[in-house]
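Q: The sequence shown runs 39 to 139 under our numbering.
These are computed hints drawn from the structure, not numbers from a lab.
Misleading hints may appear alongside valid ones.
[Claimed, not checked] Here are the simulated distance ranges between beta carbons:
no.	residue 1	residue 2	range
1	Gly122	Ala72	40 to 50 Å
2	Gly124	Ser69	30 to 40 Å
3	Gly115	Gly71	32 to 42 Å
4	Asp118	Glu87	12 to 22 Å
5	Val126	Ser69	16 to 26 Å
6	Gly92	Pro67	35 to 45 Å
7	Ala55	Asp118	11 to 21 Å
8	Ala121	Arg73	38 to 48 Å
9	Pro106	Gly49	14 to 24 Å
10	Gly70	Pro90	40 to 50 Å
11	Gly92	Cys44	19 to 29 Å
12	Arg97	Met77	18 to 28 Å
13	Gly122	Arg39	35 to 45 Å
14	Arg97	Ala123	42 to 52 Å
No residue lacks a Cβ here, since even glycine has one placed at the ideal position from N, Cα and C.
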Amino acid sequence: RVELNCCGIHGMAVEDAGGVIQITETDHPESGGARCSCMCVFDFEISAEGVPAGTVPLRLVREVSDWPEGSGTVFEGNLDLSAGAGFVIISDQPSMWCQQP
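Work out the full structure: start from the sequences and follow the hints.
A: And the structure:
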């Protein structure tokens, strides 16, 4: 889960960064630099081919092109792929924009 401006071009990419699987979340303003005055919560999922089974080092980086303070490494640790797939929960806390049922 990531909290980003509701308006923008959001994306993800995965690469091998020297033996570390690096996932980069990107957030750029729409053409003309347009942004909304609200934040939204997004759930991203990405698949990567050719990653060996087992435990692999993982780094999650966020790049917000018009907000450097919101950019940087979000998570660095290990991902267990011994079952053929894996996931990491960065935070299970609701966003301030979301309410618990």
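Q: Run every hint past the structure and note whether it holds.
A: Hint check results:
Distance hint for Gly122 and Ala72: a CB-CB separation of about 41 Å, consistent with the stated range 40 to 50 Å. Between Gly124 and Ser69 the beta carbon distance is about 36 Å. The supplied range of 30 to 40 Å therefore holds. The hint said 32 to 42 Å for the Cβ distance between Gly115 and Gly71, and at roughly 35 Å that hint holds. Taking 12 to 22 Å as the suggested C-beta distance range, the pair Asp118 and Glu87 conforms, at roughly 18 Å.
The hint said 16 to 26 Å for the Cβ distance between Val126 and Ser69, and at roughly 33 Å that hint is violated. Here the CB-CB span from Gly92 to Pro67 is close to 39 Å, well matched to the stated 35 to 45 Å. About 19 Å separates the C-beta atoms of Ala55 and Asp118, a value consistent with the hinted range of 11 to 21 Å. Against the hinted window of 38 to 48 Å, the Cβ-Cβ separation of Ala121 and Arg73 comes to about 40 Å, which satisfies the hint.
About 18 Å separates the C-beta atoms of Pro106 and Gly49, a value consistent with the hinted range of 14 to 24 Å. As the Cβ distance of Gly70 to Pro90 is approximately 44 Å, the hint placing it in 40 to 50 Å holds. Evaluation of the 19 to 29 Å hint for Gly92 and Cys44 yields a failure: the beta carbon distance comes to about 38 Å. Taking 18 to 28 Å as the suggested C-beta distance range, the pair Arg97 and Met77 conforms, at roughly 24 Å.
With their beta carbons about 23 Å apart, Gly122 and Arg39 fall outside the hinted range of 35 to 45 Å. Between Arg97 and Ala123 the C-beta distance comes to about 18 Å, which lies outside the given range of 42 to 52 Å.
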